[in-house]
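A.B. asks: First to last, the sequence lines map onto chains A and B. For the first sequence, our numbering begins at -16 and goes up steadily by one. For the second sequence, our numbering begins at 1178 and goes up steadily by one.
Source of the hints: derived by calculation from the structure; they are not laboratory data. A couple of the hints might just be wrong.
As the list claims (entries may be wrong) - Pair by pair, the computed Cβ-Cβ distance ranges are:
| hint | chain 1 | residue 1 | chain 2 | residue 2 | range |
| --- | --- | --- | --- | --- | --- |
| 1 | B | G1273 | A | L74 | 41 to 51 Å |
| 2 | B | D1274 | A | L74 | 36 to 46 Å |
| 3 | A | L(-5) | B | I1265 | 51 to 61 Å |
| 4 | B | D1255 | A | L74 | 36 to 46 Å |
Stated by the list, open to error - Listed below are several chain A residues computed to face chain B (Cβ distance under 8 Å; list not exhaustive):
| hint | residue |
| --- | --- |
| 5 | Q29 |
| 6 | P97 |
| 7 | G206 |
| 8 | G226 |
Beta carbons: idealized from backbone N, C-alpha and C, even for Gly.
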Amino acid sequence: MPLLLVVGIFLLFPLANAVYFAFVDFDGLDPAPPWVGLGNFTELAQDRAVWAAFRNNVVWIIIGTVAPLAIGLWLALLVWGVERGGIFYRLAFFIPYVLPQVAVGIVWGWIYEPSRGWLNRVLNAVGLDGLATGWLGNPNTALYAVLFTAIWATFGFVFVIFLAALRNVDMELIDAALLDGANAFARVRYIILPQIMPVFIAVTTITLIGGFAVFDIVFVMTGGGPAGASEVLGTYAYSSAFGLNRISYGTTLALVITVMSIPFAVGLNRLQRRLSLEGGGA
Amino acid sequence: MRVFRSKVLAVATLFFVAAACTGTTPESATTEEDAASSSEDVTLKWLIEEPEDAAALQALEDHIAEFEAASGITIDIDTLPWENMRTILQTQLRSGDGPDVFNWGAGPSWGGALAEAGMLLDLTDAYEERGWDVYDFAVERVTAGDQIYGIPGEMEIIGIFYNQEIFDELGIEEPQNLEELRAAAETVREAGILPMAVSDKAGWEGGHLLSMSLSSNIGSDAMEALFEGEQSWDSPEVVESLQLWKDFHDADFLPPSPTSVDYDTAISTFYAGDAAMLPTGSWLVNEIDTNADFEVGYFAFPAPDGNGIFAGGLGSGPFVNAQTEHPEAALEFLDFLASPEHAKWTIENLGSIPPIPTTGEDLDVSPLMQQVVDDVSGFADGGDFGYNIDVMVGDAFNEAMYDGIQGLFTGQTTAEEIAANLAAASDS
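Using the sequences provided together with the hints, build the complete structure.
C.D. replies: Now the structure itself:
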């Protein structure tokens, strides 16, 4: 019964509410918004800004998933063998993750600032002034600058989870592989990864779904600009709903984001469960 | 069962994304009079834009304390960053939990939209009964049909602040036409100083740039023709006024990447003496007086053939929630906010100029503020002023303008394309 209540309040009601708003044209004020049927969906399909934002989301999902996983796993493997100072490394790598995203965005905004930010100052100091640019205001770099910040803020989480998972890896298998002359890559590929695969899938799910729903750090750092260059679906939904007072259009977009991410969430969840049942180590 | 539960919880989490953009339809606005609206033991919530300077908020609270002491009404001041106000205010008003009094913008897409939705107390009778003396032109901006729905906010002009010391050192006089402005900027640039501290990271700053150049380029009558649809936004003059900023950028009169620079950074660049000019609005005068340790002048963006006109507009002013439980107390508070005494106080202490006749003389203000007061007084005298475009148009137009000008600086779009988009947004 409590579960049904939770599902009703936090799933069914918001879902029904969102679906309703997707079929009307609510401007945030009109108490009786007109019914528009599939109008919001057809407009969305023809909206070039949506497709541009979707492309940015795809970039975000790919890089924003692969990079934290790779960096987090690499660092976890490095720290795994450290006997002294392990706590220091765990803290150092994890702290960015516990910082509020808004604060992270603001601080990195200063770092990227074109004239006074230290990134350009460093580039100028080492003779790479040709690379200096207005990182968040340049349409060619804005998305990647924000994405880099997001990766910086995320890899610590991946690192800590992988480090915990590595504690359950069978060391006898590692020793045997060493005796057989397996190099580091082979040990990771054939010994370690299979044993932590359920955790790997779980972390992948979280970071990947985060790529669909990304909003806060983009909103804080660029607002989707310049001229939509770093716009993602989340910020476009927000600006449509609250900037243009098109609550229904924004809701429709949010629904679409949700629907797009469900197959990934369910598929990865199933895979993780299957691997767990098959006896994955961690 | 566990599988079902985990799936349901996972999906529930995902749906929070969708739920975040939804709301409930508003309850109908109540019109019931407040039977117990005597001023005793009444607390009014007043929502205002978060001031740039914390000291300004403290000064305002101290000033409001005088009203509280005299009226017995407690004013609970709440502040929000301007960029968050629309979202939060509309949600609060629709849920019936809004502030009693709040500062909001005038015009169709701002207060007009709330008035149309029945969310604002009709102040038409109050104006007459309570003798609020507000300039007619300003009252027109808070009028929808036959209803006056608020007290208009401060009068603002947008022009160019300049560092008098830099101008003097380089032998530059206040530019009297566009060519002189270009020459001045070139002289400043040659001296290794940034000519204009322009920011356009948020987008709205670009709207102000166009407001200035276009107002001075075509004049107030032609601006009105644009707003009324008698003239098209893709006219050559609009293109020219947009292209002018691209040319300034290409000539290194502006920072290399204005879309990377936020408003505060542009201002601090000017305060630091690293930029000779700062194109922005008169709302900054108080802060300039506090922070700039050099003399500052202010002029209208020049026209091609002479002195230009200031782009003018009204800032946010107090409106009353139609569902307030204390309408009488709210009106009493508006009496205070609409008084000449309060107007004088805001000029002297906040640097904002309400559209209320008050003595322009005997003000205890800086020379720069006095100049702005004198310039702004032309509003009431029917002086020639341009328009701050973004308070005159709808959100879709503003988005096209903000994105377009950002794209102009980054090379993503051309002046002609922006003008065409503005025309399309205006038509829609």
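A.B. asks: Hint by hint, say whether it matches the structure.
C.D. replies: Going through the hints against the structure:
The hint said 41 to 51 Å for the Cβ distance between G1273 (chain B) and L74 (chain A), and at roughly 47 Å that hint holds. Judged by the Cβ atoms, the range 36 to 46 Å given for D1274 (chain B) and L74 (chain A) holds: they are separated by roughly 42 Å. In this structure the hint that L(-5) (chain A) and I1265 (chain B) lie 51 to 61 Å apart at CB is violated, the actual value being about 26 Å. For D1255 (chain B) paired with L74 (chain A), a C-beta distance near 38 Å keeps the hint of 36 to 46 Å intact.
At a threshold of 8 Å, the smallest CB-CB gap from Q29 (chain A) to chain B is about 15 Å, leaving the interface hint violated. With a cut of 8 Å, the hint placing P97 (chain A) at the interface with chain B holds, because the nearest CB-to-CB distance is about 5 Å. Checking G206 (chain A) against chain B by beta carbon gives a least distance of about 7 Å; that is within 8 Å, so the hint holds. With 8 Å as the threshold, the beta carbon of G226 (chain A) comes within range of chain B, its nearest partner Cβ sitting at about 6 Å, so the hint holds.
Going through the hint list in order, the structure does not satisfy hints 3, 5.
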